[in-house]
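Asker: This is what each chain is made of:
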Amino acid sequence: MTLPPGVRPEAAGTADERRLIAQAQAGDTAAFRALVERHQARAHALALRILRSASDAEEVAQDAFVRVWTALPGFRGESTFATWLYRIVARRAFDRAQVLKNRRSRERQDEQLPEPATPEKREDTLRAAKLQEMIARLSPAQRASVTLYYYEGRSVEEVAHVLGMPENTVKTHLLRARAALRAAWTHEMGDEA
Amino acid sequence: MNCLEFERLLDEGELERLPEAALAHARSCEACARSLARARSLERALEAHFSSVPEVPAGFADRVMVRVERGEARGVRWLALPSALPWWTRVAFEPGVVLALATLALFVWRGNRWLAGAHAAWNALSAAPEWVHSGLLAVGFGPLADLLSRALASVGAAPVPVQFGVALGVAPLLAAIAWLAWRAGERLVATAGAR
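Protein chains in written order, with our numbering: chain A, 1 to 193; chain B, 1 to 195.
No wet-lab data here; the hints were simulated from the structure. Given the structure is predicted, the values throughout are model-derived calculations rather than measurements. Ideal Cβ placement from N, Cα and C applies to all residues, glycine included. Any given hint might turn out to be false.
Simulated restraints on C-beta separations [as the list claims (entries may be wrong)]:
1) 135(B) - 175(A): 56 to 64 Å
2) 98(B) - 19(A): 48 to 56 Å
3) 132(A) - 66(B): 30 to 38 Å
4) 27(B) - 137(A): 28 to 36 Å
5) 154(B) - 76(A): 54 to 62 Å
6) 95(A) - 125(B): 26 to 34 Å
7) 175(A) - 101(B): 46 to 54 Å
Pulled from the structure, derived: some chain A residues nowhere near chain B, Cβ distances all over 12 Å [said to hold, decoys possible]:
8) 15
9) 16
10) 66
11) 171
Generate the whole structure from the sequences, applying the supplied hints.
Answerer: Structure, rendered in structure tokens:
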């Protein structure tokens, strides 16, 4: 049931997916498993982007899927299944990120984020690693806002809805995050950027 | 447009929708043209970063399904089921609505007696300072007990509207204490859960 590389689950919201959802709503765990397999990669990636900790990301993504199973009978398809799932993942990841921020500021520990899909060129790898470091230095709220901004098709309204923040707050987070990233990007890349 | 305004536009991130004035400024200002090029390069890098999907941990789906099949979620799943009944049928049978209507009916029927009973209960409660006083004296908080009992005794002797006003004044304090206790408990739970 795994999608081919490069195909987004939203785009594959086909009759097949609707059938799986209907079966899972009726309690069919095999159908639910197929949905998990279909969406696990991006759900896990979203949690990982916000949390930057592999173990926490897995736990949050698992919790989100368990929550989805619980709430699935009430899912009416007002948004796509993927969007609904990502909202649950993002909200949980953001809540967890806030808890971790306080804990980490005391413990000063950080886990390494696993490398994303290997870029073909060495230069790209270097840039990707630097960008990852820059994103890691953002506050949890800025990181969650930026991550969701790219996940939610650049809709500030959706990001605000998912994070439970006013739109102006999200805009401020995005503005500050972008300013910080631009400054760091210029510093890291210089004129080669 | 000056350079500061241009930088601000870049921070807003709408690189594809920059106004003509901004583009004209970038054409005439070398530093801003470089900033624009870097901002575009960052945007491309961010697009690539967020579209790449890291590998999912092996056995992830298995672990989710173990939790689902173990019944972690099954107990409350029925709560999410859409109702098969129309809203007007549900409202008529909603326990909360029935209870509220029954309470309202009883109040209309026996309201005066209830108010008299509530008043008597309040008067009985005004005797509480004496109990508190003797209890605090027994554990060695004499001065505090005196202060407290004087304050409460004067409230008890006051007319009902004054007592009601005091109760309204104290309610936010109690609510704040309850909220603080809740947040403290929440923090304990969250910390324990995060381990």
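Asker: Are the hints correct? Go through all of them and say.
Answerer: Consistency of the hints with the structure:
1. Separation of residue 135(B) from residue 175(A) is about 58 Å and conforms to the stated range, judged on CB atoms against 56 to 64 Å.
2. Between residue 98(B) and residue 19(A) the C-beta distance comes to about 40 Å, which lies outside the given range of 48 to 56 Å.
3. In this structure the hint that residue 132(A) and residue 66(B) lie 30 to 38 Å apart at CB holds, the actual value being about 31 Å.
4. Separation of residue 27(B) from residue 137(A) is about 33 Å and conforms to the stated range, judged on CB atoms against 28 to 36 Å.
5. The hinted window of 54 to 62 Å between residue 154(B) and residue 76(A) holds, with their beta carbons roughly 59 Å apart.
6. Residue 95(A) and residue 125(B) have their C-beta atoms about 42 Å apart, which leaves the hinted 26 to 34 Å range violated.
7. At about 52 Å, the CB distance of residue 175(A) to residue 101(B) agrees with the hint of 46 to 54 Å.
8. A cut-off of 12 Å between C-beta atoms confirms that residue 15(A) is not in contact with chain B; the least separation is 21 Å.
9. The Cβ of residue 16(A) lies farther than 12 Å from every Cβ of chain B, with a closest approach of about 18 Å, so its non-interface assignment holds.
10. At roughly 5 Å, the least C-beta separation between residue 66(A) and chain B is not larger than 12 Å, which violates its mark as non-interface.
11. At roughly 8 Å, the least C-beta separation between residue 171(A) and chain B is not larger than 12 Å, which violates its mark as non-interface.
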